[in-house]
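Single-letter residue listing:
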Amino acid sequence: MALVCKLFLLFIFSVLTYSGSTSLYGIGGKWRTTENRLTNVAISKGYPVVIVMIYTSCPHACPMTIAKLKQIESAFHKKGIDEINFVLASFDFEGDKPEKLKEFQRAQKLDPVYWHFLAPESEGDARSLAVALGISYKKISKSDFSHSNVITLLDKEGNILAKIDQLNADIKPIIDGLKK
Amino acid sequence: MWSLVFLGKFIFLSIAFALESEGTVSIPKGKIEAIWLAPVSVSQKSSGPQIEVSAFLMHEHAVTNKQFKLFLKKHPEWEKTNANKLFVDDSYLLEFYSPQAKDNQPVTYVSWFAARAFCEHLDMRLPNINEWEYAAAASNSKRDANRESDFLKRILKWYGEPKGESIKSVKSIYQNYYGLWDMHGLIWEWVEDFNSSFVTGESREDSSFNKEMFCGAGALSSADKENYAAFMRFAFRSALKGSSGIWNLGFRCVR
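Line by line, the protein sequences are chains D and W.
Going by this note's numbering, the first sequence opens with residue 1, and the numbers climb by one from there.
Going by this note's numbering, the second sequence opens with residue 1, and the numbers climb by one from there.
Hint data in this document are derived by calculation from the structure and do not stem from the laboratory.
Among the hints, erroneous ones may be present.
Here are the in silico distance ranges between beta carbons for each label pair [as the list claims (entries may be wrong)]: (1) Ala-235(W) to Met-64(D): 37 to 47 Å; (2) Leu-156(W) to Ser-74(D): 33 to 43 Å; (3) Lys-73(W) to Glu-157(D): 40 to 50 Å; (4) Val-113(D) to Ser-54(W): 19 to 29 Å; (5) Asn-248(W) to Lys-163(D): 23 to 33 Å; (6) Gln-71(D) to Lys-73(W): 41 to 51 Å; (7) Asp-165(D) to Ser-149(W): 46 to 56 Å; (8) Asp-90(W) to Ile-140(D): 31 to 41 Å; (9) Ser-122(D) to Tyr-97(W): 48 to 58 Å; (10) Ile-81(D) to Asn-248(W): 40 to 50 Å; (11) Lys-74(W) to Pro-59(D): 37 to 47 Å; (12) Asn-40(D) to Asp-123(W): 19 to 29 Å; (13) Glu-123(D) to Asp-103(W): 39 to 49 Å; (14) Trp-158(W) to Ser-143(D): 34 to 44 Å.
Glycine residues also receive a C-beta, built at the ideal position from the N, C-alpha and C atoms.
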């Protein structure tokens with residue numbers, strides 16, 4: 001009974017929070033941090049966020065994505081914006097378990113205070129985030145995905161401010177997307 | 001005594017399950033030539049890969065306005081005025097609230113996110129492309145009619161029809177081999193992985209989708225008319241966003 005009440009309250013809360021909103025954080029879904037803690041894509045709510053989707057067995061695009069994100073980070077730092085957070089959510093529900101993402105993060109030397117890797121709990125969780133971000137993807141073999149590369153800037157509440165959708169695109173729309 | 005309780009529970013669960021599953025049709029597992037996954041070099045007379053689809057249950061007809069109304073009662077967060085604008089566009093449920101909307105018409109102008117939420121509330125989900133195409137390949141007499149010219153002609157004829165006055169009721173077009181109604185000819189239907197159409201092996205150059213399939217000219221030059229209906233569905237899906245609402249786009253769920 002208590003559980004039912006709790007669920008009901010949670011439901012009312014989510015309706016109140018998200019009704020008429022445009023926030024990505026209304027998407028729900030279950031994700032895990034590199035510490036295997038259950039969370040969701042709103043993990044950095046309260047901070048401006050750059051969010052992308054990746055998979056770590058990816059040989060080419062993902063290292064390029066990381067390089068692009070580092071470039072974005074230093075451009076923000078130059079503007080005096082230090083609290084920018086990065087959320088990197090995986091497509092790969094089978095391959096990218098929390099420990100694997102943690103290993104990847106360590107290898108890439110990305111500060112866990114600002115950089116958050118997320119492992120989807122189910123294929124559907126990955127799919128719905130991709131659709132919300134306008135990313136197409138398809139699993140083409142056991143460990144390979146073909147996917148579009150979209151980098152999205154969110155405000156503190158999860159509203160989409162800017163997007164770039166090619167790895168060789170100028171990062172300016174992202175850097176200028178955040179009003180200081 | 002306990003066995004009686006057990007028996008009671010069993011009967012109760014069976015009845016509950018029967019009620020829940022009402023309006024679904026069971027689709028047996030099977031192999032099929034996936035001409036929709038094709039191939040495909042356009043120049044070759046193509047044949048798709050053989051794929052295996054596991055058994056599943058599917059709604060016998062597209063979800064209706066009436067069914068959607070019941071869903072909204074339980075989930076008011078999906079009413080037009082409440083829904084998150086990232087998950088529905090301005091056309092969301094455009095005709096649903098009008099007095100002309102009939103209970104037994106399929107619900108349309110419904111976004112992928114809303115369709116998914118509906119299925120979830122029944123403990124179901126949207127079919128993926130393979131499941132949908134597998135089920136839709138059946139004519140009224142054959143499991144796989146993807147190479148039957150009459151069947152394909154009818155589909156293509158429907159694709160060419162202009163927008164009518166209003167959408168017909170569910171169960172008004174045809175019932176296929178499995179007992180599914182109107183898989184073609186009534187509306188287009190959402191699939192879970194609609195955003196995987198046209199993605200090819202190259203993920204570096206982003207959104208570099210399969211040009212051979214993407215480009216209409218490529219599809220047309222293909223002598224293989226058998227693939228053309230599938231091409232059309234791919235082209236349609238690839239043009240969608242998760243928030244899209246379209247006058248003749250609805251859905252049905254599977255489990």
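How the hints compare with the structure:
no.: 1; hint: Ala-235(W) to Met-64(D): 37 to 47 Å; result: 29 Å, violated
no.: 2; hint: Leu-156(W) to Ser-74(D): 33 to 43 Å; result: 54 Å, violated
no.: 3; hint: Lys-73(W) to Glu-157(D): 40 to 50 Å; result: 29 Å, violated
no.: 4; hint: Val-113(D) to Ser-54(W): 19 to 29 Å; result: 44 Å, violated
no.: 5; hint: Asn-248(W) to Lys-163(D): 23 to 33 Å; result: 29 Å, holds
no.: 6; hint: Gln-71(D) to Lys-73(W): 41 to 51 Å; result: 50 Å, holds
no.: 7; hint: Asp-165(D) to Ser-149(W): 46 to 56 Å; result: 40 Å, violated
no.: 8; hint: Asp-90(W) to Ile-140(D): 31 to 41 Å; result: 35 Å, holds
no.: 9; hint: Ser-122(D) to Tyr-97(W): 48 to 58 Å; result: 33 Å, violated
no.: 10; hint: Ile-81(D) to Asn-248(W): 40 to 50 Å; result: 46 Å, holds
no.: 11; hint: Lys-74(W) to Pro-59(D): 37 to 47 Å; result: 46 Å, holds
no.: 12; hint: Asn-40(D) to Asp-123(W): 19 to 29 Å; result: 21 Å, holds
no.: 13; hint: Glu-123(D) to Asp-103(W): 39 to 49 Å; result: 34 Å, violated
no.: 14; hint: Trp-158(W) to Ser-143(D): 34 to 44 Å; result: 40 Å, holds
When each numbered hint is compared with the structure, violations occur for hints 1, 2, 3, 4, 7, 9, 13.
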